[in-house]
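Throw the hints in and build the complete structure from the sequences for me.
Protein sequences, first through last, are from chains B and E.
Just so we're aligned, residue 197 is where the first sequence starts under my numbering, counting upward by one.
Just so we're aligned, residue 210 is where the second sequence starts under my numbering, counting upward by one.
The hints are simulated quantities; they were obtained by calculation from the structure and are not laboratory data.
Predicted model, so just to flag it, every value in this text is computed and none were measured.
No residue lacks a Cβ here, since even glycine has one placed at the ideal position from N, Cα and C.
Hints are supplied without guarantee of correctness; some may be wrong.
[Unchecked claim] A few chain E residues that face chain B, going by a derived Cβ cut-off under 8 Å, partial list only:
#	residue
1	D412
2	V633
3	L663
Each chain, written out:
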Amino acid sequence: MSDTFKPRDENEIVEAVAWAASGGKKLELIGQGSKRALGRAAQYDTTLDVSGLSGVVLYEPEELVFSAKAGTPIAEVEKVLAANRQEFAFEPMDLGPILGGKPGEGTLGGMLAVNFSGPRRIKAGASRDHTLGVKCVSGRGEIFKAGGRVVKNVTGYDLPKLMAGSFGTLAVMTEITLKVLPAAEDVESVLALGLSDARAVEAMALAMGSACDVSGAAHFPQAIAAKLPVKAVAGGNSSVMAFRLEGIAPSIAYRRGKLEAMLKSFGSLAVLKADESRTFWRAVRDAVPFSGKTANALWRLSVTPTSGAKIGGAIASATGAQMFFDWAGGLIWVEMPGENPHEQAVRSAINGEGHALLVRATPSVRASANVFGVLDEGLGKVIRGVKEGFDPKGVLNPGRMYAGL
Amino acid sequence: MSLVMPELDRGVLGRRAEIVAALRRIVPGEGVIDSATEMKPYESDGLTAYRALPMVVVLPETVEQVSQVLRYCYDQKIKVVPRGAGTSLSGGSLPLEDAVLLGMAKFNRVLEIDYANRVAVVQPGVTNLGVTKAVEHEGFYYAPDPSSQIACSIGGNVAENSGGVHCLKYGLTMNNVLGVEMVLITGEVLRIGGKHLDADGYDLLSVIIGSEGLLGVVTEVTVRILKKPETARAVLLGFPTSEAAGDCVAKIIGAGIIPGGMEMMDKPAIAAAEAFVQAGYPLDVEALLIVELDGPEAECNHLLERVSDIAKSCGATTLRVSNSEEERIKFWAGRKAAFPAVGRISPDYYCMDGTIPRGKLPLVLARMRELSEHYKLRVANVFHAGDGNLHPLILYDANETDELERAEKFGADILKLCVEVGGVLTGEHGVGVEKRDLMPTMFNETDLAQQQRLKCAFDAEGLLNPGKVFPKLHRCAELGRMHIHAGKVPFPDLPRF
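Shown next, in the form of structure tokens:
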């Protein structure tokens, strides 16, 4: 069993990284460890637990800016923001349930390191879009900062956004500054029932191309809809396509009317009011229908939205997988019937129209499969160069994303 | 001019004829320009205080030509300065006398419009407004709208991460670009991102956007297009003090309202704009706010009422809501013409671009008045109030002996002040050569070295746009060295698990 270091401040992180770099050791970075089962299974000498670096550093609601230590629990952050009726507009996903863990865990650093954003991604962007500044310890054992605390900033390369989705392979984040936004006053959802995947993707493109200002567009085939924690949806014995409308009540009412007129020819419609809407979209965000069988391989695909149904259909017929669609068809959650991830079938179905990440698999599968895919040669060279610039000795989470990186 | 540029490569200059001939073999016809007269239009960009004739101008038309030109320069160790429309306000495309100036103006085609996926694929020489023009008949538009949008190119927008008055609600270039095709200095062609949202590997778009031509040459851009909001209405608010106006901005956002645009002007800027376009601005106020709400009509009307109530509670002495599209456009006309308007009341002006935490505005304006007296130069302010991006316009006369020098010192002091109050050197104009030597006021050596190591991953020889962004470009080999104290066990006093 490997040792765990739990530094109390960034200087102790510097010490730990310098120790590892000089002795050829490999560090596994964790916060609360809620996403530990995500990524390639690699061997580490020591765990670096940054959950000791915790606490809000700065929060100015009227400036829409929030800074906290990287180890601050997300649950705590969300509570602080909610008290001022604000939130992270990108709806960070809670991976606990699908990875077989508890819900409500995870830290700010982990959130940015995986960069998994929720249904509002199509309107508000990802966590990377809201990241303004970072303080980090590089794999060279040096403290550096980048970005700032203001939204409009082009002073130097935007390294804070590069940290998003880097899975702790570039630097140990110690402090993160993000943009926060007012939470919507009200929310409603318009549902269309009984649509095929292809028809749903068509309807979602139509709605997204309208002025209805949709902030969520998802589609659940009947078998998956039945697993959603909203009675009106689960008991309907039909597929469910849903659009979210957020804002002030008079605006929602107007847009709902417009959307309903647009969807009339697509099937029977229903509406979810605020509370049910919130439960529903949280379940979409966390891929709740796939939290039951945690031994089954689970993929997250980011694809060209209008190709969603075609890609999903190809995977389903080759593997018997089940799936649902978010981001107007651009995000597909695919659950395999068993442990076999059917990597080849997934990647050939995508065929250059996006990216697939194997989010859940057994440790032995994660040790051998290309969890993040295979980088093409040119891109691979640049990405290895970037890694080299931040972590030349390969100390931080080596092998977590790609073999040898 | 006190700007120190990289040392001239005499060897390269000595081979100029040979280099021009080689470039002509790659880009035939009029695509290679080497006469001083014809190169003259390229000698500066929007930062006209600095000028230099390039060694040669190359205007490629195909990706293959870009790739071959860069490969040739890489093999021959020749510096390259990329250029879009040449509207940079920070000298990002200022030529170097020993470098190839690579102009991308001929890449001016819209390649694909995909309404179903709400994206357009365009070449980098397409103007910012050109994207909107290509999709507006279907009711779509491209959101970032820098004030140079008639002229500036999408490739330049990518290089500078351009913003505009609507970025408070709709984001910067960073938030509206999904993919690029980019040629590295080695001639390799990379595709990053596409029509999907999350890409594989590291999020390289994050650093390519805003990289000021130091990482590669973009040859294709996939941008997000949006459906135009059904209505937009603006309200003009005048305040007796800039504090009251700043307070109003904070309260609007505090009430959970994110307007489509929220702009502030100070008294000198109001006066200049009003004299120029007669927008109907009140002249008896210290600060003017233009707040625009967009969306369905019901939403605009509802929010306008709330904004008006807030403004009244903050002591607004002028409050006028636009009642027609013509009136809304008129409200904006003064703000959009603020730069040329200031140009009318002064022979020259120097436009700054710091960002500050919004709450610091009264403090910064007060300090700026002191600086104005100290340097004996007038200053007018326009301000993207919603996001804290400040554009002080320093008025000077270049024909007066030391006025340019004083204006530059004044400008530097303003930017240092921005950093001092928690802001940054540049919000949307870029570092370029203009703010290059101020970078150490915001970043220490380690911070800057880490940024340069990123450049090393793309351009290890430092051939792309040298002399920009970084006060001193270190060699990659030198940056790669590690100095660590070996073998010490970290914090032995800590518990292990």
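Outcome of the hint check:
1. D412: holds (5 Å)
2. V633: At about 5 Å, which falls below the 8 Å cut-off, the nearest Cβ of chain B leaves the hint on E:V633 intact, so it holds.
3. L663: holds (6 Å)
Violated hints are absent here; each numbered hint is respected by the structure.
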